[in-house]
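If you read the sequences in order, they're chains E and B.
Residue 242 in the working numbering sits at position 242 of the first sequence, and the numbers go up by one each step.
Residue 20 in the working numbering sits at position 20 of the second sequence, and the numbers go up by one each step.
Just so you know, the hints here were simulated from the structure itself, not pulled from any lab data.
Beta carbons are placed, not taken as given, at the ideal position from N, Cα and C, and that holds for glycine.
Taking lysine to aspartate or glutamate and the DMTMM-like style, the derived pairs with C-alpha atoms no more than 25 Å apart in a straight line are: (1) Lys-19(E) with Asp-220(B); (2) Lys-12(E) with Asp-220(B); (3) Lys-238(B) with Glu-112(E); (4) Lys-242(B) with Glu-112(E); (5) Lys-249(E) with Glu-290(E); (6) Lys-238(B) with Glu-147(E); (7) Lys-169(E) with Glu-232(B); (8) Lys-75(E) with Glu-232(B); (9) Lys-125(B) with Asp-77(E); (10) Lys-88(E) with Asp-220(B); (11) Lys-65(E) with Glu-232(B); (12) Lys-53(E) with Glu-215(B); (13) Lys-140(E) with Asp-317(B); (14) Lys-88(E) with Glu-232(B); (15) Lys-135(E) with Glu-108(E); (16) Lys-238(B) with Glu-95(E); (17) Lys-126(E) with Asp-317(B); (18) Lys-118(E) with Glu-232(B); (19) Lys-238(B) with Glu-124(E); (20) Lys-88(E) with Glu-108(E); (21) Lys-242(B) with Glu-95(E); (22) Lys-12(E) with Asp-131(B); (23) Lys-7(B) with Glu-147(E); (24) Lys-132(B) with Glu-58(E); (25) Lys-238(B) with Asp-77(E); (26) Lys-27(E) with Glu-200(E); (27) Lys-3(B) with Glu-147(E).
Computed footprint of chain E on chain B; a stretch qualifies when at least three of its residues, placed anywhere within it, have a C-beta under 8 Å from a C-beta of chain E: (28) 224 to 231; (29) 237 to 244.
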Amino acid sequence: MLEIKELTVKFKTPQGELKACDKVSLKIEKGKNLGLVGESGCGKSMTCLAILKLLPAEAQITWGKILFKDENIFKMDSKKLRTVRGDKISMIFQEPMSSLNPVITIGEQLTEAIMTHKQVTQSEAKKQAIELLKKVKIDKPEARFYEYPHNLSGGMRQRVMIAMAISLKPDILIADEPTTALDVTTQAQVLELLDELQREYNMSVLIVSHDFGVIARLADSIAVMYAGEIVEYASSEDLFKNPRHPYTKALLVSLKQMQQKKDNLTVLKGAVCDLTKLPIGCRFKPRCSEADAECKNKITELVEINKGHFVRCHKCKK
Amino acid sequence: MIKYIAKRLLLMVPMLLGISLLTLLIMHLSPGDPTSLRYGLNPEVSGSARAQLKELYNLDKPFVVQYGCWLKRVVTLDFGRSFVDNRPVIDKIKERLPATLLLQISALLLIFSIAIPVGVLSAVKQNSFFDKVTTFLVFIGFATPTFWLALMLMRLFSFELEWFPVSGMSPWYAQYMSLPQRIGDILWHLVLPLVTLAFTGLASLSRYVRYSMLEVIRQDYIRTARAKGLAENRIIFKHALKNALLPVVTILGMTLPALIGGSFIFETIFAWPGMGRLGYMSIMQYDYPTVMGVGIISVFLTLLGILISDILYAAIDPRIRYE
Ligand SMILES: Nc1ncnc2c1ncn2[C@@H]1O[C@H](COP(=O)(O)OP(=O)(O)O)[C@@H](O)[C@H]1O
Ligand SMILES: [Mg+2]
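Let's have the full structure, built from the sequences with the hints guiding it.
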């Protein structure tokens, strides 16, 4: 239903050209959830924003296309694009605190979304909005309707964002780190809510996180991103059972250690490489425990090593 | 909201107390004894003025008593009689206030009704031709001294083109006109001072709106509005502008004192019969009671302006309202 093909996003920075996404290709199928995981700064948000053409003004899409129902989103005029945004594809963001307009009531922010895409009266829209607030488990929805965002906690605001995002029963919901800014209990509740809604509406969720635990909860298939590239892509089952890329393995090890509450975590050493000075060879090499001399200069392609299991590492053979 | 306004009003009481104390102190701090100063510098005025001044401000009593009496006068708006024509100061101010308010309020309205659309447009179309032209004009606006602009406009539009009167507000023959004619005549006199006054204010405010708007457009909630598929107009005028106006409203409160302060010189250039010109003349004539009266009324107006901007702020921003 949605196909991202070789998406390349660049920024011009004082240090030089920064490649935030480098030929990222992903596919989202109807009713299936895709997880996108990777350390912060690896280009996850830029990938998401590109889908709705919401990239910051400084960003340049230098290559690639995004097909939604076989139509290139980048080629749509602004009117056509608006019919996709919010209605067919909607999005929730990492920061619930700043994602709602502070000077407009919750109710109005909800009803305007509905009324933009549907021919309904004000009172009908209000009824639907209150219904939605109930659906995302906000208490006293009738009263909340008239309140402003600052009266709500972070978790509640994220629920309002979710209510807004599902208000038009979209085909795809993009959730960019929806729980990162929330405390642990709220995180679990919000994830459960997303899971419930996904099944009820039969939508596809693109769930993005730096945390494998969050992804595991929802995703049918998972893409692992590193320094602007997809380094591994497989079904969830495959990926958890048989991770191949050293980066994926390292992430899974640290997840396991977190779950077992070990004190001495063998966390990944070092930081993501500088996106303005990308090496020719493998971008993960400096941090990789399995790297050898060949990794440095050999261009690594994303290779299908098993059916539906892609890895970008020349040491992983079929 | 009512609670908020009440709180604001209460907060003004200590402010007024402080300001009245300050004005009295300033009079005391002026070099020498105010009575001898007046007496010494202006020998034409009879010696009784000295006694009058002493009595007016109770200068022979302890300071606390002086302040108490002064406060009572400030509250009852009784500033004594003018040394120049012996009329009650408050009557003289009452005559002049409408002209000042007419000029200031119409200038404010003009500034805001032009600066906001201009600022919004140049922010939304950042780096466009329109934005560049306004940026250029803004720099000219900043760099132009008001008095110079006033004289140039007078020269071009009054002397050479003869489109507008040179100065004044209502000539002697206005009393023979019908009411609509008189209003038209006043508006006709208003054009040049208004344009001059608005010009500089326009430059800074439109820049401010542009800056504030650019800041807001980058915010997450604007991205959310876009992600919902809202039309661009709604995003700009509903979601962005409301937020961008918050700092602008604060500016409104700060512009007012500047406008009132500037009116001393400004009204004199245009011979505009307002309170500023009265104040200026009184200073020149050592008319102590009138100077003090004009000062206090200016302070009242400033505080009123700040109160209005506070209320506007609360009307836009719910976070303030429910504090
Ligand atoms: N406005 C911007 N200007 C320059 N670089 C940016 C900008 N926004 C993001 N980037 C860079 O793009 C890269 C990818 O960012 P992002 O997609 O937000 O990462 P993630 O969501 O995975 O944490 C980062 O390295 C970041 O520094
Ligand atoms: Mg991100």
